[in-house]
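There are 2 protein chains.
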Amino acid sequence: MRISTQEIQEKLYEILINYNFRKEKAQILAQIFTESSTDGIYSHGLDRFPRFIQNVKDGLVEVDADPEKFGSFGNVEQWNGNLGPGILNARHCMKRAMEIAEKAGIGCVALSNTNHWMRGGSYGWQAAEEGFIGICWTNTAPNMVAWGGKQPALGNNPFIIGIPRPEGHIVLDMAMSQFSFGKMQSYAMEGMKLPYPGGWDNKGVLTSDPKVILSNERALPIGYWKGSGLSFVLDLLAALLSKGDPTCRIGRRGDEYGLSQIFIALNIKWLDREYLDNIIEETIQNVHGSEPLKEGENIFYPGERTIITRIDNQRLGIPVHNETWRKILNL
Amino acid sequence: MRISTQEIQEKLYEILINYNFRKEKAQILAQIFTESSTDGIYSHGLDRFPRFIQNVKDGLVEVDADPEKFGSFGNVEQWNGNLGPGILNARHCMKRAMEIAEKAGIGCVALSNTNHWMRGGSYGWQAAEEGFIGICWTNTAPNMVAWGGKQPALGNNPFIIGIPRPEGHIVLDMAMSQFSFGKMQSYAMEGMKLPYPGGWDNKGVLTSDPKVILSNERALPIGYWKGSGLSFVLDLLAALLSKGDPTCRIGRRGDEYGLSQIFIALNIKWLDREYLDNIIEETIQNVHGSEPLKEGENIFYPGERTIITRIDNQRLGIPVHNETWRKILNL
Chain A
5 MRISTQEIQE KLYEILINYN FRKEKAQILA QIFTESSTDG IYSHGLDRFP
55 RFIQNVKDGL VEVDADPEKF GSFGNVEQWN GNLGPGILNA RHCMKRAMEI
105 AEKAGIGCVA LSNTNHWMRG GSYGWQAAEE GFIGICWTNT APNMVAWGGK
155 QPALGNNPFI IGIPRPEGHI VLDMAMSQFS FGKMQSYAME GMKLPYPGGW
205 DNKGVLTSDP KVILSNERAL PIGYWKGSGL SFVLDLLAAL LSKGDPTCRI
255 GRRGDEYGLS QIFIALNIKW LDREYLDNII EETIQNVHGS EPLKEGENIF
305 YPGERTIITR IDNQRLGIPV HNETWRKILN L
Chain B
5 MRISTQEIQE KLYEILINYN FRKEKAQILA QIFTESSTDG IYSHGLDRFP
55 RFIQNVKDGL VEVDADPEKF GSFGNVEQWN GNLGPGILNA RHCMKRAMEI
105 AEKAGIGCVA LSNTNHWMRG GSYGWQAAEE GFIGICWTNT APNMVAWGGK
155 QPALGNNPFI IGIPRPEGHI VLDMAMSQFS FGKMQSYAME GMKLPYPGGW
205 DNKGVLTSDP KVILSNERAL PIGYWKGSGL SFVLDLLAAL LSKGDPTCRI
255 GRRGDEYGLS QIFIALNIKW LDREYLDNII EETIQNVHGS EPLKEGENIF
305 YPGERTIITR IDNQRLGIPV HNETWRKILN L
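Protein sequences appear in the order of chains A and B.
One rule links them: number in this note's numbering = place in the first sequence (from 1) + 4.
One rule links them: number in this note's numbering = place in the second sequence (from 1) + 4.
Please note that the accuracy of each hint is not assured.
Which copy? The list can't say, so a pair holds if one copy fits it or any two copies do.
As the list claims (entries may be wrong) - Lysine-lysine pairs mimicking DSSO-like chemistry, simulated, CA-CA at most 30 Å apart: (1) K298 x K154; (2) K298 x K207; (3) K331 x K215; (4) K107 x K73; (5) K27 x K298; (6) K61 x K107; (7) K61 x K15; (8) K331 x K29; (9) K298 x K187; (10) K215 x K298; (11) K99 x K273; (12) K187 x K15; (13) K99 x K247; (14) K215 x K61; (15) K154 x K187; (16) K15 x K207.
FYI, nobody ran anything at the bench for these hints, they're computed from the structure.
Could you build all of it, start to finish, from the sequences and the hints given here?
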């Protein structure tokens with residue numbers, strides 16, 4: 005079924021208020037969860053909301069906590085997330101990075117002790133909406149093998165870059181695993197194989213069977229050794245700069261909390277807008293004009309399909325599984 | 005054969021002087037080319053030197069050009085490389101980013117109109133040697149397909165992150181293509197297949213045949229659509245911030261020159277060194293302690309094997325193909 009964005013957002017808001025979130029916080033959380041589903045990232049939108057509420061019930065998410073600055077040097081700041089809602093902490097820190105960049109050209113905020121930020125792309129879109137380039141990443145619990153290893157040792161550490169563009173922002177939102185766990189779940193539910201190998205089976209052979217990877221968590225890094233290395237350094241940077249925990253420490257807990265994140269904003273308002281627009285449009289046209297591998301198919305830039313989905317879902321309502329909606333109504 | 009690092013560096017210096025490089029410039033260029041080979045990155049060290057000299061002869065590299073600052077806002081600077089030697093321009097800009105970060109915590113330098121920086125890792129090692137985190141990337145001529153496309157439309161845009169560590173720096177140096185062209189040439193020369201698919205054949209089927217990919221330049225992005233998206237945004241950021249050219253414009257020239265690059269330095273000297281060291285060692289131990297997929301094999305962190313190779317080559321001399329050395333002696 006399809007449910008209007010407004011109805012969903014109102015329902016989430018109502019639930020959040022019942023779980024003791026203050027009005028402004030409930031409002032933003034309901035909005036971001038709804039936006040993620042509107043944009044087609046269902047796994048980190050509505051589908052994830054019941055788990056978020058469960059984390060609140062379990063005391064992993066501190067309903068009323070606010071992030072606090074505890075260190076800074078020049079245009080780099082360190083914030084403690086105090087285990088507050090990951091979405092609110094992340095939004096706060098991207099906003100803070102932009103405030104720094106407004107005057108300094110570039111700003112960097114490192115956040116420790118936070119919770120899952122849900123859809124990483126949200127903060128790339130946030131920066132782009134304000135006219136800034138936003139670069140951010142998070143670490144996670146171990147859910148991906150290090151190259152050459154057998155067991156999950158690295159996080160899939162989503163990495164986001166947002167670039168503002170009047171006709172529709174460019175936003176890259178990619179985890180270091182070849183397939184997100186949400187995507188693998190979708191394939192598994194439909195009894196389908198992945199289009200490319202997504203992890204190792206229990207014998208150490210590459211497999212495209214999502215069920216195997218979902219059960220053993222031996223997800224494959226993008227580009228094999230390359231994504232493994234990138235995940236390793238992103239984790240380190242996040243933990244070092246934020247004085248937070250790296251993936252290996254997070255993995256020793258039963259649950260995924262107390263994450264480390266980085267938010268970098270770059271000011272481009274001082275640059276010649278016409279030059280920027282020309283470069284962006286030429287670069288997009290170059291990719292759009294590429295001869296497709298399969299006749300009739302389109303080639304997209306990062307974020308392009310998100311906008312198409314967004315417009316559809318705003319018009320027609322968000323597609324929601326009956327089971328998901330039932331779960332939400334019961335929260 | 006193996007030739008001592010000293011003999012190689014002296015020979016390169018001599019050649020560079022003959023090609024009218026000033027002493028200080030010849031010295032640094034000879035050193036960096038030699039270091040790349042010492043570190044095992046032969047494709048961008050000695051093996052590439054004859055092509056560099058050819059570019060000098062062809063007037064693509066301006067022997068005596070220095071980079072010039074033409075814009076800045078806060079802690080972001082724009083430099084014009086004036087088509088000088090890519091190595092010198094890149095080193096200058098990473099140094100400049102560190103000077104900014106020394107006081108401001110973070111510094112960003114965008115470089116336009118430069119030449120191939122050879123081994124990207126050089127600038128990650130450079131930052132780490134000075135105790136800074138260094139993040140940098142370059143765009144390139146089109147040599148990789150955009151996801152869904154047939155012809156090369158994106159660059160493989162190497163991306164580098166260096167993290168200082170007293171016992172040996174951590175340096176990630178990765179291009180966005182699954183295999184570098186240098187690596188594919190090595191496999192092709194030995195008549196071997198790539199260990200994983202590295203590009204598309206002329207029928208649009210994934211292939212592990214390096215010869216096919218070397219000839220059609222349809223290299224596969226790491227993580228398929230993911231590396232394609234990352235390459236796209238890295239190219240845009242480099243061109244936008246430096247007021248330089250994106251890959252699509254570079255591709256319209258007959259040769260690869262006039263590239264755009266970004267250098268970001270992060271100051272970590274103000275952070276608690278003991279905390280940093282603990283986090284780094286724990287993260288390394290976590291990966292080292294991972295059960296290997298193949299019994300008896302080691303799991304490495306980014307840069308670890310480089311140091312092993314460096315020590316070997318410093319002790320035993322650099323392995324050089326007779327043909328390569330002959331070419332160099334004839335320059």
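Regarding K331 and K215, is the shortest C-alpha distance of 30 Å or less found within a copy, between copies, in both, or in neither? within (23 Å within a copy, 54 Å between copies)
Checking an output row: K215 and K298, CA cutoff 30 Å. Within, between, both or neither? both (29 Å within a copy, 23 Å between copies)
Pop the pair K298 and K207 into one bin, within, between, both or neither, using alpha-carbon distances up to 30 Å. Only across copies: K298 and K207 sit 10 Å apart there, 35 Å inside one copy, limit 30 Å.
At 30 Å max between alpha carbons, let me know whether K154 reaches K187 within a copy, between copies, both or neither. Intra 22 Å, inter 26 Å, cutoff 30 Å: intra and inter.
Intra- versus inter-subunit Cα pairing at 30 Å for K215 with K61: Within one copy, since 29 Å is at most 30 Å while 58 Å is not.
Intra/inter-copy verdict for K27 and K298 if alpha-carbon distance must be at most 30 Å: neither (50 Å within a copy, 54 Å between copies)
With 30 Å as the alpha-carbon cut-off, assign the pair K107 and K73 to within, between, both or neither. Both. Shortest intra-copy (19 Å) and inter-copy (20 Å) distances satisfy the 30 Å Cα cut-off.
Between the shortest in-copy and the shortest cross-copy C-alpha distance, which are at most 30 Å for K187 and K15: within, between, both, or neither? Close inside one copy (25 Å), not across copies (55 Å); limit 30 Å.
Alpha-carbon proximity between K99 and K247, which holds within one copy, between copies, both or neither at 30 Å: Answer is both; intra-copy 20 Å and inter-copy 26 Å each pass.
If the cut is 30 Å between Cα atoms, do K61 and K107 qualify within a copy, between copies, both or neither? neither (41 Å within a copy, 45 Å between copies)
Measure nothing new, just compare the shortest in-copy and cross-copy C-alpha distances for K331 and K29 to 30 Å and report within, between, both or neither. within (22 Å within a copy, 68 Å between copies)
Same-copy or cross-copy closeness of K298 to K154 [CA-CA at most 30 Å]: between (36 Å within a copy, 8 Å between copies)
In terms of the numbered hints stated before, the structure departs from hints 5, 6 and 16, listed from lowest to highest.
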